[in-house]
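Protein chains in written order, with this note's numbering: chain A, 1 to 255; chain B, 1 to 255; chain C, 1 to 255; chain D, 1 to 255.
Derived from the structure by calculation, the hints contain no laboratory data.
Fair warning: there could be bad hints in the mix.
No copy is singled out in the list; a pair is fine if it fits within one copy or between any two copies.
What the hints assert, rightly or not - Computed cross-link-like contacts, EDC-like style, restricted to lysine to aspartate or glutamate with a CA-CA straight-line distance of at most 20 Å:
1. 93 with 118
2. 93 with 146
3. 151 with 130
4. 253 with 56
5. 21 with 140
6. 203 with 218
7. 235 with 224
8. 179 with 23
9. 179 with 47
10. 121 with 219
11. 26 with 36
12. 21 with 154
13. 151 with 118
14. 228 with 218
15. 253 with 47
16. 228 with 173
17. 136 with 6
There are 4 protein chains.
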Amino acid sequence: MIKEGDLVVIWIDSRRIYLVKVDPQKRFSSDRGYVDMSNLIGKEYGERISLSTGREAFVLKPTPFDIYRGLKRPTQVLYPKDVAYILYMIGAKPGSSVVEAGTGSGFLTISMAYFLGESSKIITYDVRDDTQRSAKKNADFLGLADRIIFKLGDVREKIEETDIDAVFFDMPDPWNAVKSAYDSLSPSGSLVVFVPTIIQVEKTFMSMRDLFVDVHAEELMSREYQLKENAVRPKSIGVWHTGYIIYGRKSLKGN
Amino acid sequence: MIKEGDLVVIWIDSRRIYLVKVDPQKRFSSDRGYVDMSNLIGKEYGERISLSTGREAFVLKPTPFDIYRGLKRPTQVLYPKDVAYILYMIGAKPGSSVVEAGTGSGFLTISMAYFLGESSKIITYDVRDDTQRSAKKNADFLGLADRIIFKLGDVREKIEETDIDAVFFDMPDPWNAVKSAYDSLSPSGSLVVFVPTIIQVEKTFMSMRDLFVDVHAEELMSREYQLKENAVRPKSIGVWHTGYIIYGRKSLKGN
Amino acid sequence: MIKEGDLVVIWIDSRRIYLVKVDPQKRFSSDRGYVDMSNLIGKEYGERISLSTGREAFVLKPTPFDIYRGLKRPTQVLYPKDVAYILYMIGAKPGSSVVEAGTGSGFLTISMAYFLGESSKIITYDVRDDTQRSAKKNADFLGLADRIIFKLGDVREKIEETDIDAVFFDMPDPWNAVKSAYDSLSPSGSLVVFVPTIIQVEKTFMSMRDLFVDVHAEELMSREYQLKENAVRPKSIGVWHTGYIIYGRKSLKGN
Amino acid sequence: MIKEGDLVVIWIDSRRIYLVKVDPQKRFSSDRGYVDMSNLIGKEYGERISLSTGREAFVLKPTPFDIYRGLKRPTQVLYPKDVAYILYMIGAKPGSSVVEAGTGSGFLTISMAYFLGESSKIITYDVRDDTQRSAKKNADFLGLADRIIFKLGDVREKIEETDIDAVFFDMPDPWNAVKSAYDSLSPSGSLVVFVPTIIQVEKTFMSMRDLFVDVHAEELMSREYQLKENAVRPKSIGVWHTGYIIYGRKSLKGN
Numbered sequence: 001m002i003k004e005g006d007l008v009v010i011w012i013d014s015r016r017i018y019l020v021k022v023d024p025q026k027r028f029s030s031d032r033g034y035v036d037m038s039n040l041i042g043k044e045y046g047e048r049i050s051l052s053t054g055r056e057a058f059v060l061k062p063t064p065f066d067i068y069r070g071l072k073r074p075t076q077v078l079y080p081k082d083v084a085y086i087l088y089m090i091g092a093k094p095g096s097s098v099v100e101a102g103t104g105s106g107f108l109t110i111s112m113a114y115f116l117g118e119s120s121k122i123i124t125y126d127v128r129d130d131t132q133r134s135a136k137k138n139a140d141f142l143g144l145a146d147r148i149i150f151k152l153g154d155v156r157e158k159i160e161e162t163d164i165d166a167v168f169f170d171m172p173d174p175w176n177a178v179k180s181a182y183d184s185l186s187p188s189g190s191l192v193v194f195v196p197t198i199i200q201v202e203k204t205f206m207s208m209r210d211l212f213v214d215v216h217a218e219e220l221m222s223r224e225y226q227l228k229e230n231a232v233r234p235k236s237i238g239v240w241h242t243g244y245i246i247y248g249r250k251s252l253k254g255n
Numbered sequence: 001m002i003k004e005g006d007l008v009v010i011w012i013d014s015r016r017i018y019l020v021k022v023d024p025q026k027r028f029s030s031d032r033g034y035v036d037m038s039n040l041i042g043k044e045y046g047e048r049i050s051l052s053t054g055r056e057a058f059v060l061k062p063t064p065f066d067i068y069r070g071l072k073r074p075t076q077v078l079y080p081k082d083v084a085y086i087l088y089m090i091g092a093k094p095g096s097s098v099v100e101a102g103t104g105s106g107f108l109t110i111s112m113a114y115f116l117g118e119s120s121k122i123i124t125y126d127v128r129d130d131t132q133r134s135a136k137k138n139a140d141f142l143g144l145a146d147r148i149i150f151k152l153g154d155v156r157e158k159i160e161e162t163d164i165d166a167v168f169f170d171m172p173d174p175w176n177a178v179k180s181a182y183d184s185l186s187p188s189g190s191l192v193v194f195v196p197t198i199i200q201v202e203k204t205f206m207s208m209r210d211l212f213v214d215v216h217a218e219e220l221m222s223r224e225y226q227l228k229e230n231a232v233r234p235k236s237i238g239v240w241h242t243g244y245i246i247y248g249r250k251s252l253k254g255n
Numbered sequence: 001m002i003k004e005g006d007l008v009v010i011w012i013d014s015r016r017i018y019l020v021k022v023d024p025q026k027r028f029s030s031d032r033g034y035v036d037m038s039n040l041i042g043k044e045y046g047e048r049i050s051l052s053t054g055r056e057a058f059v060l061k062p063t064p065f066d067i068y069r070g071l072k073r074p075t076q077v078l079y080p081k082d083v084a085y086i087l088y089m090i091g092a093k094p095g096s097s098v099v100e101a102g103t104g105s106g107f108l109t110i111s112m113a114y115f116l117g118e119s120s121k122i123i124t125y126d127v128r129d130d131t132q133r134s135a136k137k138n139a140d141f142l143g144l145a146d147r148i149i150f151k152l153g154d155v156r157e158k159i160e161e162t163d164i165d166a167v168f169f170d171m172p173d174p175w176n177a178v179k180s181a182y183d184s185l186s187p188s189g190s191l192v193v194f195v196p197t198i199i200q201v202e203k204t205f206m207s208m209r210d211l212f213v214d215v216h217a218e219e220l221m222s223r224e225y226q227l228k229e230n231a232v233r234p235k236s237i238g239v240w241h242t243g244y245i246i247y248g249r250k251s252l253k254g255n
Numbered sequence: 001m002i003k004e005g006d007l008v009v010i011w012i013d014s015r016r017i018y019l020v021k022v023d024p025q026k027r028f029s030s031d032r033g034y035v036d037m038s039n040l041i042g043k044e045y046g047e048r049i050s051l052s053t054g055r056e057a058f059v060l061k062p063t064p065f066d067i068y069r070g071l072k073r074p075t076q077v078l079y080p081k082d083v084a085y086i087l088y089m090i091g092a093k094p095g096s097s098v099v100e101a102g103t104g105s106g107f108l109t110i111s112m113a114y115f116l117g118e119s120s121k122i123i124t125y126d127v128r129d130d131t132q133r134s135a136k137k138n139a140d141f142l143g144l145a146d147r148i149i150f151k152l153g154d155v156r157e158k159i160e161e162t163d164i165d166a167v168f169f170d171m172p173d174p175w176n177a178v179k180s181a182y183d184s185l186s187p188s189g190s191l192v193v194f195v196p197t198i199i200q201v202e203k204t205f206m207s208m209r210d211l212f213v214d215v216h217a218e219e220l221m222s223r224e225y226q227l228k229e230n231a232v233r234p235k236s237i238g239v240w241h242t243g244y245i246i247y248g249r250k251s252l253k254g255n
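Pulled out of the complex, with its shape left as it was, chain A reads as follows (with noise of 0.2 Å):
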């Protein structure tokens, strides 16, 4: 049963899928229609409602997709096919400490905070405070902020943490930071970096190939699919770049 306070999905179509907290005394609003939130109240996840429009729509529990659609972005974010594929790398489960930079919007710590649950040790740095800010505002919103320490600081410098079970950087930059990763990670731990362009790729493997074994990247690409009877087909236009993920597990080949 809905009840004040908790967050649901309104599902009009598949392009109007929203994000919001259940306050009886707001309205929420769309251009298919509005509806009193008071109505949500009682309802069972999944059901039926109606907008004032007489548009059927539909109250959902929130999926790690809806987290993305919710949050407020002031910069470009990861996309969640690139998000589960590091959360995997990662490997990271409940009790895991990871190290992440920059926070950017902060969907991939919150996606963290999300899977890891309490258990965690989720640490994210970013050399903004407005980013930052902002970021902890989608994780405030999500119920999801006492499980994530944000930290301003500038990681090519230094990262505090030790004995880290890994760190995921995003930022112009990696390379720099990739030593203040090493010193943090636990022997054996993974390093994950996201980067746009292939120059960026080749420095950040440069500087990883002396300190980690295992160093190997990837793209990921997702391709949608138009669903209609006889006529299912991938869609015509869709996302062809997103950024290369590099791997790399800490050695201790120096020792």
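Knowing the structure of chain A, use the given hints to seat chains B, C and D on it.
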């Protein structure tokens, strides 16, 4: 410090990555040389070891990728890119309940057990006893079997559990089990289906569209890169196709 | 030297490329300014001109890409990547004979007329008079209409020509015309088919496999790159799907 | 009717396609059996023949794909998808003049000779004598050598021809030959460059941007499909990378 009974990875090069259980009575062998496992005990993760041939290797801590590599596979398995995205789509977190069919090699099952931790409920169905035994052995080897409930049974007839957070199908005719998934899911719960052909995508979509909302489909492609100074570029040959992923959320449309 | 009646391209930037016929009485206009065409006469190809706004532009010689850009398109057209590959597959060279259906916008027809020169025989069928008129206008504008025979007719019933080197189909139900193609082709002649869905690929294949050999299918994707110093990378958004191409050669299996 | 000296294709299955010259004294052999070529004489194209093992095969007329298959390749060659698109981009038609460097295996050169017919002017440069001899042998075998001018020389120093319609480069450092191409091209002529890495794309672009307009780059990918009843789908493994294609047209910017 590595000790008897630990699972470790012996990393020789990018094509020679082995997941082994440390048994001081046994010897690890490869085409690049061997090492008596008793020599691994007391090493730190990330340390360099020498094989009998003088060839260098590293002992690493297992990650989800190594689980993938270490599976005995009687059947075709999902790829990490697909497992990563499916885990994300399912949205399962510590405490969630998930039903899966068929078990196959157990790769997704085991990945869920790894990522969801001990507090979750993971049930996997298969119609074939031999397949499931083999998957159970994989889970045992990885120390994750006690987090999984293996059931011999046909989900096209019935899924015994109810109020489940997410259902995943990797089977030839998922459309025949969509109703079972619907009955088993909690309202707004997620159904994720993986199939290799477009005809299956269409049939699955047709069977879902009256019961589920937010139904969509996509295909993930991973393009690997060669990492080499001044010659970073996509590898010439690679995997072009694994399968299509269909997603939907249970609605209460009919109620 | 450019003279009256010449087809020229006015290139302003990568999004503003116009194919025009030089008419000294007319003015070329765009959202970046205009130029009286009389000013183009006597210019050399490749020269810089100034638009009324002071904006720079270039006068260029038309290429096959410009033909694509200059078409009036009542219907969806093939893309250059597909036309290029189809022309290659067909293997038509000066002197060859090719039958095509349907005419559509005439893009392939006109491309064939451009590449094959005057000694070839290009016949294009369509069931719709209005479509074909429009394609003919396109061919007229480009000065290539006299190399093409336009026929109103249904190739599912019959292709009148025989001993044809290659047949190309871009129509909703090519499988209903495969027998006509067979009868029209010379022994070992090529049939090339373009369709947007996999179900059509399967049906086409099923209708071809007893009459043709070397039957295979593929899909071409073009990924465009952003060219910018230190930031060369794939464009974020692009075309992910146009259609599938099926190829086969007429055998005398049944004989 | 097939006669002595004809080039024919012996098609056994999709992996066994052979381009041979009919010599009644010789025998064609494969791992599926042999056939004395004297038996081919008098057959019609498209006819079924029997190999010594009883295995069926077909005699077909060579297409551009068969040229590709029949080349002796001392070096890596362009793929048909790339050659097709390059031919399209170049825009060469009967009567055009084209300069190419390096010759490589001669695949593009020979393809141009095939498609452009006898009235065109095709000049191919290479710095290596052995490579070019081998390419010339390929062209001879295909009966197309007399349409091609082979030149031993370094296009980075000079292209001797002027007023050329299009120039194509497939060489390690095309940026060092861009000025030669410019000097050789007629105004508005096309320069097309093929390179395997992004760093080369960037360098090529930087060398072209002040001399050429309409400079753009793309990458073509071909995804092959398995054709099987009820199981049409992309082949699992395939070619993911050949190279990037850069295009530009000579402007008179500097004049």
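(message) At most 20 Å between alpha carbons: which applies to residue 179 and residue 47, within, between, both or neither?
(response) between (52 Å within a copy, 18 Å between copies)
(request) Please work out whether the CA atoms of residue 93 and residue 146 approach to 20 Å or closer within one copy, between two copies, in both situations, or in neither? (result) both (18 Å within a copy, 17 Å between copies)
(request) Evaluate residue 203 and residue 218 at a C-alpha cut-off of 20 Å and name the case that applies: within, between, both or neither. (result) Within one copy only: 15 Å inside, 23 Å across.
(message) Checking an output row: residue 136 and residue 6, CA cutoff 20 Å. Within, between, both or neither?
(response) Only inside one copy: residue 136 and residue 6 sit 19 Å apart there, 39 Å across copies, limit 20 Å.
(request) Classify it for me, residue 151 with residue 130: is the Cα-Cα distance of at most 20 Å met within a copy, between copies, both or neither? (result) within (12 Å within a copy, 51 Å between copies)
(request) Check residue 235 against residue 224 for me: Cα-Cα at most 20 Å, and say if that holds within a copy, between copies, both or neither. (result) This pair counts as both: shortest intra-copy Cα distance 6 Å, inter-copy 17 Å.
(request) Can you give me the call for residue 228 and residue 218, within, between, both or neither, at a CA distance of at most 20 Å? (result) Between. Shortest inter-copy distance 14 Å satisfies the 20 Å Cα cut-off; intra-copy 32 Å does not.
(message) When Cα atoms must be at most 20 Å apart, do residue 253 and residue 56 count as within-copy, between-copy, both, or neither?
(response) Between copies, since 10 Å is at most 20 Å while 61 Å is not.
(request) Go through the copies and call it for residue 228 and residue 173: within, between, both or neither, with a Cα cutoff of 20 Å. (result) Answer is between; shortest inter-copy Cα gap is 18 Å, intra-copy 44 Å.
(request) Evaluate residue 26 and residue 36 at a C-alpha cut-off of 20 Å and name the case that applies: within, between, both or neither. (result) within (6 Å within a copy, 59 Å between copies)
(message) My question is about residue 21 and residue 154: at a cut-off of 20 Å on alpha-carbon distance, are they close within one copy, between copies, both, or neither?
(response) neither (34 Å within a copy, 40 Å between copies)
(message) As a check of your reading, is residue 121 near residue 219 (CA-CA no more than 20 Å) within one copy, between copies, both or neither?
(response) neither (28 Å within a copy, 33 Å between copies)
Of the numbered hints listed earlier, those contradicted by the structure are 8, 10 and 12.
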